[in-house]
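Protein chains in written order, with my numbering: chain L, 1 to 224; chain F, 1 to 88; chain H, 1 to 270.
Any given hint might turn out to be false.
[What the hints assert, rightly or not] Okay, the calculated bits of chain L under chain H, using three or more residues with CB under 8 Å as the criterion:
no., region
1, 105–113
2, 125–132
[Said to hold, decoys possible] Capping the alpha-carbon separation at 20 Å, the derived lysine to aspartate or glutamate pairs in EDC-like fashion look like this:
no., chain 1, residue 1, chain 2, residue 2
3, H, Lys78, F, Glu66
4, H, Lys33, H, Glu115
5, H, Lys32, H, Asp108
6, F, Lys62, H, Asp67
7, H, Lys92, F, Glu28
8, F, Lys43, H, Asp67
9, H, Lys3, H, Asp137
10, H, Lys78, F, Glu19
11, H, Lys32, H, Glu115
12, F, Lys18, H, Glu215
13, H, Lys69, F, Glu66
14, H, Lys186, H, Glu213
15, F, Lys75, H, Asp67
16, H, Lys186, H, Glu146
17, H, Lys94, H, Asp67
18, H, Lys190, H, Glu201
19, H, Lys33, H, Asp113
In short, the hints are calculated from the structure, not lab data.
Heads up, the beta-carbon is just placed ideally off N, CA and C, and yes, glycines get one too.
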Amino acid sequence: MTAVVASARPLLAEALAVLDLRERTVDDTGASEILAAARSAGVRLAAILVGEGGMRANLADADLPILESPSIGDRPAPEAVELEPMTEPRQTENVAAAGLGPPAPLCVTQPVRSGQRVYAQGRDLLVLAPTSRGAELLADGSIYAFGLLRGRALAGASGDRGARIVATRLDAELVAVAGVYRTLEASDIAGLRDGAASVALALDEEGGERLVLRPVDQFLPRAS
Amino acid sequence: MSLLDILFKKRASAPIAKERLSFILAHERAHRSGKGDIISALKEELIAVICKYTSIDKEALKVTLERHDSTDVLKVDVALPEGGLRRG
Amino acid sequence: MAKVIVVTSGKGGVGKTTTSASFATGLANRGKKTAVIDFDIGLRNLDLILGCERRVVYDFVNVIQGDAKLSQALVRDKHSENLSILAASQTKDKDALKEEGVKQVLDDLKGMDFEYIICDSPAGIETGALMALRFADEALIVTNPEVSAVRDADRMLGIIEAKSLRAENGGERVKEHLVITRYAPKRADKGEMLSHTDVAELLSLPILGLIPESEQVLDCSNRGTPVILANGSPVALAFDDMVARYLGEDRPLRFTEPESAPFWKRLFGG
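Construct all of the structure, not just a fragment, from the sequences and the given hints.
Here's what the structure looks like:
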C-alpha cells in the first residue's frame, strides 16, 4: 500500500483529503498504518470517515474529526457549481429531541484561528467572526458563518442529512454535511461571486447524494 | 545612502559590526570551552597577578559586580596574609 | 500598574527583536520606565541589537536559578536612561525557564516600578515562546506580508488565546495588536505582495504598526542601535508612529504608497 501511495505522491503532495475508511473492516493496526502512509506521502488529512459504529478508538490520536457515514455515497465531483433543479434532501430525524424546541446555537464571536477547532455538539453553530485557513468548524446541526469562512466546515457531524452550511462569504478549504464532503477549488468559489452561499445535500438523478453549493440570492428554478 | 552621506563620509557600519562580533564571539568561545563565566575568569587572573606579590588563598579573594544607577562597580575584596604585601 | 507585553510572531526572522528593541526604546524615551527581556533559550539576540552585549554578566536564567540578583543582571541601556535589558541565557536546557521563576522575575520587576515589561519571544511555539506569552496582558503580533508569516501569526494568536494565563483563568482577554514589518508599498501596489489591508483582514486585527522594508535596519543592528533612533529614516518614523498609536495618539498610517519622491528629497536622504 505504501508503494501505491508513494507513486501517487506528486499528485497528492498538496491535496487536502478526507480518509475514507468506510469500506474497511480492518483491525486496529490497519487503520494506523494507512494514516502513517498517507501522512508520509504528504497528504494533508482533514477528516476520517468511518462506517456506522466504525472503529474510533485507535483513530483518537489522529487528532482529526471522525465522521460517521453509513452509506458509501458517490465520490463528490470536483467540478464547478452548476444550477440544477433542487430536489429536497431526504427528511431526517431531527437532531434536537422532540418536545421543548431546538437548543440554542453555539455562538462564536471571536475569530477562529488556524489550528483551533469549534464543535457544536447536538446543536447549530453560529459564527459571528472570520474563520481562518486551517481552522475547523464542526456541528451536529447546521453552521451559519457571518464572517469570512476560510477554514473547514463540517455540518451534520453525527449524521443529520438536513444540516446546512450557510456563509456570508464562503472561501472554505473543505465543506461536509453528514459525512459527505467536498474540497473546494478556486473555480467553485468563483462561481459564488463573493455573495452569501449555502451548502446542502441533494439527491442527483441516480439517487446518490452530493453536496451542492449555491449562492443564496439566486432564484431557484422550480422542480417540475 | 543619500548624497549627503557620501559627501560627509559617514562611517560605514559593517566594520563596526565586525569589531563588535570579534570581541563578543571570542568571549563566548572562551566561555563555551569551559573557562567559566566572566567573573570566575577574572578571579583566576587576579589571583595569578596577586600571587606575584604575596601568596594568598583562593578563598580569600572575593569578586562581585554591583549595578548602581548609572555605574557598574566591580568590587574586589582580598584578605592579605600576616605581613601584608611583600615580594614572594 | 505595570503592563506585560509580549512581542511574538510564530515565524522566525520577521522582525520581533527589531520591533521589541524599538518599541521598548520608544516607550522609554517618552518617560516610561521600561524593561525588555529576551526569552530565547540558548541563543541571545536582544543584547546585540541594543548594543549592550559587552555589559551582560548575568542573564535571565542566572536570576531564576538564584545565581544572581535581578539588579545585577539588568543592564542599563546606553541610549535610553529609562530602559533596562535582561539578556537571554545561553544554556541549552529547555527547562531552565520555569514558570514560577519567570513569574517571580516579572513580579520583582513590577516591584522595581517598571511601567512596561516587554517580553521578546523567540520564534516557534516551544518553551521560550510559551513562557514569553504566559503572563502577557497585551501582545504585539509581528508579521510580514507573506503567506507563511501570516499563517504562523494566526496560529500564534490562537495559541495566545489558549495558553496565556489570562485565557486559562477566563479573565480579560489578552489585548492583541498587529505589527506588519518589511512592507513594500510598490510591490503591494503591483499585486506582487499582500497589501497591509489584506493582512489586517486575514488576521482580523487593526494595524498598530506598519513598518516599511529598509536598509536602515541592517545598518542599525551593525551599530547596535535600535532603528527607532535613526532620526528621519522612514523605519524610525514608522516605529515612532507605532509607539504613539499604542499610547493612544491618533496617527494615520504612513508609507502605504510607493515612493514617488522628487529628486531633491532623495538627494537629502530618506
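Results for each hint:
By the rule of at least three residues with a Cβ nearer than 8 Å to a Cβ of chain H, the coverage given for the region 105–113 of chain L holds, with 3 such residues. Residues of the region 125–132 of chain L with a Cβ under 8 Å from some Cβ of chain H number 3, which satisfies the need for three, so the listed coverage holds. At roughly 17 Å between alpha-carbon atoms, Lys78 of chain H and Glu66 of chain F fall within 20 Å of each other, so this suggested pair holds. A C-alpha spacing of about 5 Å is found between Lys33 of chain H and Glu115 of chain H, which places the hinted pair at or below 20 Å, so the restraint holds.
For a cut-off of 20 Å, the pair hint linking Lys32 of chain H to Asp108 of chain H stands: about 17 Å separates their Cα positions. The suggested pairing of Lys62 of chain F with Asp67 of chain H holds, with an alpha-carbon distance near 15 Å, which does not exceed 20 Å. Between Lys92 of chain H and Glu28 of chain F, the direct Cα distance comes to roughly 14 Å. Compliance with the 20 Å bound is thereby established for this hinted pair. Using a Cα cut-off of 20 Å, the hinted pair Lys43 of chain F and Asp67 of chain H holds, with the two alpha carbons roughly 17 Å apart.
Straight-line distance between C-alpha atoms of Lys3 of chain H and Asp137 of chain H comes to about 6 Å, which keeps the hinted pair within the 20 Å bound. Annotation: proposed proximity of Lys78 of chain H to Glu19 of chain F holds, straight-line Cα distance about 18 Å (limit 20 Å). Restraint check for Lys32 of chain H and Glu115 of chain H: the C-alpha separation of about 6 Å stays at or below 20 Å, so the hint holds. Distance check on the hinted pair: Lys18 of chain F and Glu215 of chain H sit about 18 Å apart at the alpha-carbon level, within 20 Å; holds.
As the CA atoms of Lys69 of chain H and Glu66 of chain F are separated by approximately 10 Å, the hinted pair is consistent with the 20 Å bound. A C-alpha spacing of about 11 Å is found between Lys186 of chain H and Glu213 of chain H, which places the hinted pair at or below 20 Å, so the restraint holds. Under the criterion of a C-alpha separation no larger than 20 Å, the hint pairing Lys75 of chain F with Asp67 of chain H is consistent with the structure, at around 17 Å. Between the alpha carbons of Lys186 of chain H and Glu146 of chain H the distance comes to roughly 15 Å, so the proposed pair stays at or under 20 Å and holds.
As the CA atoms of Lys94 of chain H and Asp67 of chain H are separated by approximately 18 Å, the hinted pair is consistent with the 20 Å bound. The suggested pairing of Lys190 of chain H with Glu201 of chain H holds, with an alpha-carbon distance near 19 Å, which does not exceed 20 Å. Between Lys33 of chain H and Asp113 of chain H the alpha-carbon distance is near 7 Å, which keeps this suggested pair within the 20 Å criterion.
The structure meets every hint from the earlier list without exception.
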